[in-house]
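Q: As given, the protein sequences belong to chains A and B, one line each in that order. Heads up: the first sequence at position 204 corresponds to 204 in the working numbering, and the numbers run straight through without jumps. Heads up: the second sequence at position 153 corresponds to 153 in the working numbering, and the numbers run straight through without jumps.
No lab work stands behind these hints: they were computed from the structure. Check the hints yourself; a few may be wrong.
[Claimed, not checked] On the chain B side, residues computed to face chain A include the following (Cβ under 7 Å): (1) G92; (2) R108; (3) P111; (4) S119; (5) S128; (6) A133.
[What the hints assert, rightly or not] Below are the DSSO-like pairs computed for lysine-lysine, each with C-alpha atoms no more than 27 Å apart in a straight line: (7) B/K259 x B/K135; (8) A/K38 x B/K168; (9) A/K232 x A/K211; (10) B/K135 x A/K52; (11) B/K51 x B/K226; (12) A/K52 x B/K247; (13) B/K180 x B/K232; (14) A/K315 x A/K278; (15) A/K52 x B/K232; (16) A/K278 x A/K187; (17) B/K136 x A/K38; (18) B/K136 x A/K25; (19) A/K52 x B/K168; (20) A/K232 x A/K218; (21) B/K168 x B/K259; (22) B/K259 x B/K51; (23) A/K245 x A/K307; (24) B/K88 x A/K52; (25) B/K135 x A/K38; (26) B/K135 x A/K25; (27) B/K232 x B/K88.
Predicted, not measured: the structure shown is a model, and the values here were computed from it. Every residue gets a Cβ at the ideal spot worked out from N, C-alpha and C, and that includes glycine.
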Amino acid sequence: MNLKNLHEQEIRLVYGHVLNELIEKNPNVFCLEADLSKASGTNPIVLNAHPKNFINIGVAEANMIGVAAGLASDGKIPFCATFCCFATRRVYDQITISVAYANNNVKIIGTGPGITQGPNGGTHMCFQDIAIMRAMPNMRIFSPCDAYEVRSVLHYMAENYGGMYMQLLRQQLPAVFDEHYQFQPGKARKLRDGNDVTLVSTGYMTHFALKVADELAKEGVGVDLLHCPSIKPFPEDDLIESVRKTNAAVTVENQNMIGGLGGAVCETLSERYPVRVKRLGVPDRFGEIATEEYLFEKHGFGMEHIKQSCRELAKK
Amino acid sequence: MTTLQENEFDRLAAELRYVVTDMICRSGSGHIGGALSLVEIILTLYYRVMKIDPNNPQWTERDRLVLSKGHAAPILYAVLAYRGFFPKSWLGTLNADGTKLPSHADARTVPGIDMTTGSLGQGLSAASGMALAAKKDGRANNVYCIIGDGETNEGQNWEAALFAPHQKLDNLIAVTDYNKLQIDGFTADILDLEPLAEKWRAFGWNVLEMFGHDQNDIRRTFLHAKSLRNGKPTMIIAHTIKAYGNKILENAAGSHNIKVPDSQTHEQHLAALSGDAFTLPY
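Please work from the sequences and hints to get the whole structure.
A: Laid out in structure tokens, this is it:
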């Protein structure tokens, strides 16, 4: 794996290569799939390199989580990947009991978060995985924004005990970070400094938020951009430090506005440092088969919407 | 393994039945039916079949048991305590505030429990994962898993039923506690499982049947299951009687979970057990 050019690859392939790296470091790492191994990027990358550590469970996600719990109870570190909708809401009780409650060391990878499921349409377009996983005790939740961050989060997941969920973007995306990036749970990344408004983003929306911050800077609006790869634990202190300066926050996420990143920001600020907040995301609707442009426009969380909200809250 | 003579087995089974009944009654309520249907089976596993070390509950080479019907935990707790995994005095704390022994099997707090269970249908998957881990590591241990007949309604069992033979998990020995009753009534009336043996056979499992209250039948069947190792997992269909040994509740709908509101009811349930009273170890 060429670490300098990770961002030139589809992130799913990065997932496969990083799993190989993890298995080579620790043979207890296992790759579990539920008949979507090509979509996850582990077939043929992991299948060919480490067939003994690759287990295709079949289209049986509940069994995948249970088998993973059994493997984990014997010291294995299983990474279970499938689309976000099947990785979380379909197996919510299995994760709750066999992983989180039982405290088994299972790693869950939800692929194709939110609108990035585009061509699969409404049945597969999951806007609630962050919210429902946040509501589960003993579960850590990560939503990295580029290939370098994906790699670093995966290393963290393999090296630290406990149930964890990560959203995995599958497509190639521009680099936000570089090969020196080190993920820290519970910390936000300050991507731009500004005094007028705090913009909080995660996952897929961060590279859009970066463009927005740069374009608004030219208009004279100073955006303090916080990227939150660690949804739980949530970087409360970093957020408060930012809003002490700006007194306003806009949140943007590729999820339902209920209970996700915007929810976490509101919970934190309403208790610790109340300021005005504007949440952007999907306003409590299901997805549908459509282009990204159409979905951004319909639900109101594209770059123009982010800009407009930042301008409004920057005025005050 | 211990050398437990036939008469000692019978006496120990009677004592465990008495202790489990008392544990549940003193806590005020509990899943007595499915615990009493498993007394002889779990006793046999931990005294005559499984390779375990009570002084080293996490021993890598040990046999594992997943009690997928986690609500039968009181009998497993009692057998583990008698076998020396933890002090028998704990048994008097079942379901009490702050207890280490909650109503459903808990690996986080109880030495000797290999998997936390309670939400039905998940244990056979976990046991398959453990059996797979043993295969990957080249370990010789077996993994046992007890599922309920009502629990067999859950679809996840049938995902695991496909998976275990596909992975050739012949170190996996499952038991169906087929007491023919689930919470709302007879399994035949609620959601019929028959022909149950044919179903497991069709999924590619070895299938054995036994009477789950006959110590010799149980021992023979487990020894047979252990000897198979033919590339297939084994399902033992254990014909049992729900709340076996309690004359009030035996084979009765409503025996799944009892309420014990007062000491009179408590005494009635102890008296409903045939045989002697025993000194409680707590």
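Q: Each of the hints needs a verdict: does it hold here or not?
A: Against the structure, the hints come out as follows:
no., hint, verdict
1, G92, "violated, 25 Å"
2, R108, "holds, 6 Å"
3, P111, "violated, 14 Å"
4, S119, "holds, 4 Å"
5, S128, "holds, 5 Å"
6, A133, "holds, 4 Å"
7, B/K259 x B/K135, "violated, 44 Å"
8, A/K38 x B/K168, "holds, 25 Å"
9, A/K232 x A/K211, "holds, 26 Å"
10, B/K135 x A/K52, "holds, 11 Å"
11, B/K51 x B/K226, "holds, 12 Å"
12, A/K52 x B/K247, "violated, 53 Å"
13, B/K180 x B/K232, "holds, 26 Å"
14, A/K315 x A/K278, "holds, 13 Å"
15, A/K52 x B/K232, "holds, 20 Å"
16, A/K278 x A/K187, "holds, 22 Å"
17, B/K136 x A/K38, "holds, 24 Å"
18, B/K136 x A/K25, "holds, 17 Å"
19, A/K52 x B/K168, "holds, 14 Å"
20, A/K232 x A/K218, "violated, 33 Å"
21, B/K168 x B/K259, "violated, 43 Å"
22, B/K259 x B/K51, "violated, 36 Å"
23, A/K245 x A/K307, "holds, 19 Å"
24, B/K88 x A/K52, "violated, 43 Å"
25, B/K135 x A/K38, "holds, 26 Å"
26, B/K135 x A/K25, "holds, 21 Å"
27, B/K232 x B/K88, "violated, 38 Å"
The structure fails to meet hints 1, 3, 7, 12, 20, 21, 22, 24 and 27 from the earlier list, while all remaining hints are met.
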